[in-house]
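**Student:** Below, each chain spelled out in residue letters.
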Amino acid sequence: MVSPVGSSIQDYWQGLISGVSGVRKITSFDTARSSCKIAGIVTDFDADAHFNFREKKSYERFTQFGLVAALQAFEEAKLQQLKSDFGEIGVIMGTGVGGITSFAQAYDALFAGPKERPIDTYTIPRIMNSAVSSAISICLGVRGPNITLNTACSSGANAVGQAMQWIREGRLRAVICGGSEAPITYGLLRAWGALGVLSRKHNETPETACRPFDKNRQGFVLAEGAAVLVLESLESAQKRNAPVFGEISGFGSNCDAASLTSPDETGVAEAMRLALLDAEMNPGDIGYINAHGTGTRLNDPLECRAIHKIFGEKATTLPVSSNKSILGHAMGASSVLEVLATLLALQNDCVPPTLNCDDQDPECAIDTVAHNSRKVLIDAALSNSFAFGGSNAVIALKKWKQ
Amino acid sequence: METITRDTIEQTCLAAIAKEMGLKITDLNEEMNLRDDLDIVSLDAMNIIMVLEDEFQIEAEIETVLEMQKVSDIIDHLYERIKGKKQ
Chain S
143 MVSPVGSSIQ DYWQGLISGV SGVRKITSFD TARSSCKIAG IVTDFDADAH
193 FNFREKKSYE RFTQFGLVAA LQAFEEAKLQ QLKSDFGEIG VIMGTGVGGI
243 TSFAQAYDAL FAGPKERPID TYTIPRIMNS AVSSAISICL GVRGPNITLN
293 TACSSGANAV GQAMQWIREG RLRAVICGGS EAPITYGLLR AWGALGVLSR
343 KHNETPETAC RPFDKNRQGF VLAEGAAVLV LESLESAQKR NAPVFGEISG
393 FGSNCDAASL TSPDETGVAE AMRLALLDAE MNPGDIGYIN AHGTGTRLND
443 PLECRAIHKI FGEKATTLPV SSNKSILGHA MGASSVLEVL ATLLALQNDC
493 VPPTLNCDDQ DPECAIDTVA HNSRKVLIDA ALSNSFAFGG SNAVIALKKW
543 KQ
Chain F
492 METITRDTIE QTCLAAIAKE MGLKITDLNE EMNLRDDLDI VSLDAMNIIM
542 VLEDEFQIEA EIETVLEMQK VSDIIDHLYE RIKGKKQ
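The listed protein sequences derive, respectively, from chains S and F.
The first sequence runs 143 to 544 under the working numbering.
The second sequence runs 492 to 578 under the working numbering.
No lab work stands behind these hints: they were computed from the structure.
Keep in mind the model is a prediction, meaning the values are calculated, not measured.
For each residue, glycine too, the CB sits at the ideal point set by N, CA and C.
Watch out, some of these pointers could steer you wrong.
Here are some chain S residues the structure puts well away from chain F; computed CB gaps all over 10 Å [unchecked claim]: (1) 173; (2) 260; (3) 262; (4) 276; (5) 291; (6) 311; (7) 337; (8) 379; (9) 399; (10) 505.
Dumping the calculated DSS-like pairs for lysine-lysine here, alpha-carbon to alpha-carbon at most 27 Å [as the list claims (entries may be wrong)]: (11) S:357 x S:541; (12) S:381 x S:343; (13) F:561 x S:257; (14) F:576 x S:357; (15) S:199 x F:574.
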């Protein structure tokens with residue numbers, strides 16, 4: 143995995159539970175005319191350490207992130223031992239905006255100078271969303287289905303859910319699944335800014351910018367990163383002593399069918415209900431919810447009402463936290479970064495905090511695990527992801543007990 | 492009008508190849524094979540040619556370019572196109 147708080151599982155988890163923000167001032171381009179000047183930026187990624195000159199030309203940053211995360215997961219899961227079954231290993235990745243940096247560079251070549259400059263021939267392979275899943279399959283030699291899907295900010299969770307279904311149905315031996323995003327470009331920053339959903343008042347103190355469930359929340363900050371999991375049956379993993387992080391036990395995927403930009407409480411609650419149903423769990427089984435928790439005016443109270451709808455009285459005491467307060471919002475990758483955080487929370491019996499919830503909004507009547515991580519016994523959890531277009535994806539997870 | 496010499500084309504061509512392939516000009520020579528020595532694939536070749544087309548205000552024949560073997564083939568092709576343009 144690759145994240146603004148670290149690009150190893152250990153660093154990532156340490157970053158989350160210590161609540162050290164990955165949100166920083168943007169320095170890669172001039173933000174003078176943008177009201178939001180900050181983002182969750184990956185600082186420990188050295189492309190030269192992973193890729194040669196040709197690979198760097200071919201792979202845009204989001205592909206590089208996804209590929210590095212996939213290689214880590216592949217190695218950790220000891221998948222090389224399944225070499226004779228590589229035809230039965232699939233790849234499914236989610237991304238929201240794919241190779242948007244190369245898009246911007248192509249338009250710059252056409253419009254930004256006194257005359258048109260040639261457009262780089264690598265532009266299309268760098269732009270295309272499916273570059274990330276294809277690069278993973280090409281690099282690893284796995285020959286099963288290869289899909290990149292886009293459901294905006296729930297893309298990664300939908301990829302994990304689809305992977306779980308393939309394994310459950312016995313269609314594939316293993317699936318490399320996840321999400322990857324590198325959206326921090328001037329054009330996208332301005333476009334999200336135009337929607338009025340980005341934080342604007344905390345440019346001088348970036349770590350305080352994303353304030354989920356707080357009265358004074360103003361919006362999210364863009365972020366970049368990638369997370370990749372290997373899904374397979376327990377039996378398959380145990381056969382080669384692969385480490386088991388946890389169980390993906392349910393998937394709730396639906397659409398609000400209401401608005402391209404506004405979330406809908408009924409749809410969001412229904413996605414949670416579907417995930418529980420699919421996992422054959424009751425609300426009482428859940429010990430933690432990793433919230434979508436964007437920190438926007440609209441999302442947070444709506445998500446809390448949906449949690450109340452499903453969890454009833456338990457909703458006020460159930461730990462619910464938002465990783466976006468620490469990482470920012472990595473669009474199509476955020477949901478998988480959060481699924482991974484949820485797996486680690488189950489493994490460690492520890493819930494990462496929600497940063498900056500200093501003055502909790504009464505409309506967000508939940509236990510936000512404000513400021514500090516909390517030790518708590520958890521056997522099962524939900525990871526919520528919602529998206530523009532009303533595409534909701536909720537993953538239900540269980541602790542792995544040997 | 493200033494005459495474009497073969498030497499000028501050669502230097503510009505080597506500079507374009509060096510930039511596209513992340514190499515030093517001093518590492519290059521005309522006799523090098525595009526694929527075997529320089530690992531130039533079709534997308535690289537087209538990038539190099541587009542830069543040169545832009546520089547010399549000519550149009551190269553893509554099909555011909557993709558069949559070229561050596562650095563000198565590109566230089567000769569461009570030289571002929573430029574001479575043809577002048578006529």
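**Student:** Hint by hint, say whether it matches the structure.
**Tutor:** Taking the hints in turn, this is what the structure says about them:
1. Distance to chain F confirms residue 173 of chain S as a non-interface residue, since its nearest Cβ pair spans about 29 Å, more than 10 Å.
2. At roughly 4 Å from the closest C-beta of chain F, the C-beta of residue 260 of chain S falls inside 10 Å, breaking its exclusion from the interface.
3. Residue placement check: residue 262 of chain S does not keep its beta carbon more than 10 Å from all beta carbons of chain F (closest about 6 Å).
4. Consistency note on residue 276 of chain S: stated as away from chain F, and its beta-carbon is indeed over 10 Å from all of that chain's, at 15 Å minimum.
5. With a cut of 10 Å on Cβ distances, residue 291 of chain S stays outside the contact zone with chain F, its closest approach being about 27 Å.
6. A cut-off of 10 Å between C-beta atoms confirms that residue 311 of chain S is not in contact with chain F; the least separation is 39 Å.
7. Look at residue 337 of chain S: its CB is around 36 Å from the nearest CB on chain F, clear of 10 Å, so calling it non-interface holds up.
8. Residue 379 of chain S, annotated as away from the interface, keeps every beta carbon of chain F farther than 10 Å; the closest lies near 39 Å.
9. Non-interface call for residue 399 of chain S relative to chain F: holds, since the shortest CB-CB distance, roughly 42 Å, exceeds 10 Å.
10. Distance to chain F confirms residue 505 of chain S as a non-interface residue, since its nearest Cβ pair spans about 53 Å, more than 10 Å.
11. Distance hint between residue 357 of chain S and residue 541 of chain S is unfulfilled; the C-alpha atoms sit about 33 Å from each other, more than 27 Å.
12. For the suggested pair residue 381 of chain S and residue 343 of chain S, the alpha carbons sit about 53 Å apart, so the restraint of at most 27 Å is broken.
13. The straight-line distance between the Cα atoms of residue 561 of chain F and residue 257 of chain S is roughly 31 Å, outside the 27 Å bound, and the hint therefore fails.
14. Simply put, residue 576 of chain F and residue 357 of chain S have alpha-carbon atoms about 70 Å apart, too far for the 27 Å limit, and the pair is violated.
15. With a C-alpha separation of about 34 Å, the suggested pairing of residue 199 of chain S with residue 574 of chain F is violated against the 27 Å cut-off.
Violated hints, listed in ascending order, are 2, 3, 11, 12, 13, 14 and 15; each of the other numbered hints is respected by the structure.
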